[in-house]
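Asker: Based on the sequences and whatever the hints tell you, model everything.
Chains as they are written, first to last, in the working numbering: chain A, 1 to 165; chain B, 1001 to 1254.
Some clues are possibly wrong.
[Stated by the list, open to error] Negatives, chain A to chain B, calculated, CB over 10 Å:
(1) V24
(2) V29
(3) T30
(4) A47
(5) G55
(6) H82
(7) P88
(8) V133
[As the list claims (entries may be wrong)] A few chain A residues facing chain B, derived, Cβ under 10 Å:
(9) R3
(10) A4
(11) Y5
(12) E9
(13) R11
(14) V14
(15) D16
(16) E75
(17) G79
(18) R85
(19) V86
(20) T87
(21) A96
(22) Q120
Quick caveat, the hints were computed from the structure, so don't treat them as lab data. For each residue, glycine too, the CB sits at the ideal point set by N, CA and C.
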Amino acid sequence: MMRAYLRFERRRLVRDPRLMFFSVIGPVVTYLIFSGWSADDRLEGVAAPLAVMIGLAGYGAVAGVLMVGSAVSQERAAGWLHQLRVTPLPPGQVVAVKALLGSITAIPPVVAVGTAASIQRHVELSAGRWIAVLLLMWAARCRSPYSGSPSGTACPRRSPCRSIS
Amino acid sequence: MKGIAAQLCGITRRFGSTRAVDDLDLTIEAGTIVALLGPNGAGKTTTISIMLGLARADAGTVTVFGESAADAVRAGRVAAMLQDGGFVPGSTVRDMIELAGALYPRPIDTDRALSTAGVRDLANRRVDRLSAGEAQGVRVAFALAGDPDLLVLDEPTTAMDVAARQQFWTAIRGNADDHHTVLFSTHQLHEADTAADRIVVLAAGRIVADGPPAQIRAAAGVDPSATLDAAFLALTTDVPAVDGPSTTTQETAK
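Answerer: Take a look at the structure:
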């Protein structure tokens, strides 16, 4: 049951061009344009191309998570979550799927911006550091879907928390 | 006697000082098509929400196939088409109906659900690109896909054109012939007249008439050949709304 819902949501996410645009293409293009301007600077003791890479990868990861989060509020407004409540799918599984997708969307921007940085600015990190960057970004960003989606999904439809979900 | 699909005993639900549903007793026998009629604000949608476990009653008990409404929904015995139930952008009609099938324990084939609801041609369309009538047809398919024992439809034919409406009622009658139970609310009284085995008329949260269409006309004191509209107006006008907690104290939880 949950697998069917996950497959359904994954297809929807893939079809949504905004996700690709805001969380992957946007940060990569921004990196390509701006990383050269301050290539010789050091930011917080880190070479600028690397620091900008981390910043934009984090931005893309947040954008992806926020897209999934805002989709939950749209689904509430459209009555879709209400419709799901009269099917056998338990609300907890809806929350779990949303949280899972939200955390997975944090990965492509980090990989894409990292690739752009290594090709354009020859940013070099050891394999362990690349993995650490990815995991830290993922861990930091996936806090919000796990804390936000449950309140957005589980609250009664016309409760005050609707406005902040 | 085929058994009981749903039973509501002494259901009361208040919103502020208004009783949306007032000490309502209703038993729906399995295998019947029951129409729930009433003017706006009569308590139809509230009754349906309580029967689906979406809203809690302030007093009274609800059982659906012998268990709580929420358990019956979780067991896949009930499906519903809600007035405010909507679809989300980004999915196709087929995705939607496949999902509905996958959530229920004994689904019907996706293509059969689409054909029965008259939306097979729309299978590859995205749900955010449907007209209101087409979307309504997809909602029908979504509710039918799980082949539920009890189908609850809140004003199902709103926005449907004549052909879609006919197709819809053919599908619903076919569904009921397979010993399924259907409960629907509507403002289209001629539909209730032709489709329903039994009509329950609500006004101000209470049942004012209950029975086959002919019996409803008799209860209203109108001519047997009169339209159901005449009977409906006779039954539902001048029913006082019950306000405030002072009027009755019968709503002891059972």
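Asker: Evaluate each hint against the coordinates.
Answerer: Here is what the structure says about each hint:
At roughly 17 Å from the closest C-beta of chain B, the C-beta of V24/A stays outside 10 Å, upholding its exclusion from the interface. No beta-carbon of chain B comes within 10 Å of the beta-carbon of V29/A; the shortest separation is about 24 Å. For T30/A, the condition that its CB be more than 10 Å from all CB atoms of chain B holds, with the nearest at approximately 26 Å. For A47/A, the non-interface assignment is confirmed: its Cβ lies about 40 Å from the closest Cβ of chain B, beyond the 10 Å cut-off.
Against the 10 Å criterion, G55/A stays outside the reach of chain B, whose nearest CB is about 29 Å from its own CB. With a closest Cβ-Cβ approach of about 5 Å to chain B, H82/A is found to fall inside the 10 Å limit, against its non-interface label. The beta carbon of P88/A is not kept farther than 10 Å from every beta carbon of chain B, the shortest such distance being approximately 4 Å. Annotated as non-interface, V133/A keeps its C-beta farther than 10 Å from every C-beta of chain B; the closest such distance is 30 Å.
With its C-beta approaching chain B no nearer than about 8 Å, R3/A sits inside the 10 Å limit, and its interface hint holds. Given hint, A4/A at the interface with chain B, holds; its Cβ is 3 Å from that chain's nearest Cβ, closer than 10 Å. Using the Cβ-Cβ criterion of 10 Å, the hint placing Y5/A at the interface with chain B is satisfied: the shortest such distance is roughly 7 Å. A cut of 10 Å between beta carbons decides the hint on E9/A: the least distance to chain B is about 9 Å, and the hint holds.
The interface hint given for R11/A is met, as the beta carbon of that residue sits about 6 Å from the closest beta carbon of chain B, less than 10 Å. Annotation: interface hint on V14/A holds; nearest CB of chain B at approximately 9 Å, less than 10 Å. Hint status for D16/A: holds, given a least beta-carbon distance of 5 Å to chain B, under 10 Å. Interface restraint check for E75/A: the shortest CB-CB distance to chain B comes to about 5 Å, inside 10 Å, so the restraint holds.
The restraint placing G79/A at the interface with chain B holds, with a minimum CB-CB distance near 4 Å, inside the 10 Å limit. Taking 10 Å as the C-beta contact cut-off toward chain B, the hint placing R85/A at the interface holds, the least distance being around 6 Å. Here the hint on V86/A is kept, as its CB sits about 4 Å from the closest CB of chain B, short of 10 Å. Because the smallest distance between the Cβ of T87/A and any Cβ of chain B comes to about 5 Å, under 10 Å, the interface hint for this residue holds.
Nearest Cβ of chain B to the Cβ of A96/A: about 15 Å, over the 10 Å cut. The hint is violated. About 32 Å separates the beta-carbon of Q120/A from the nearest beta-carbon of chain B, more than 10 Å, and the hint is not met.
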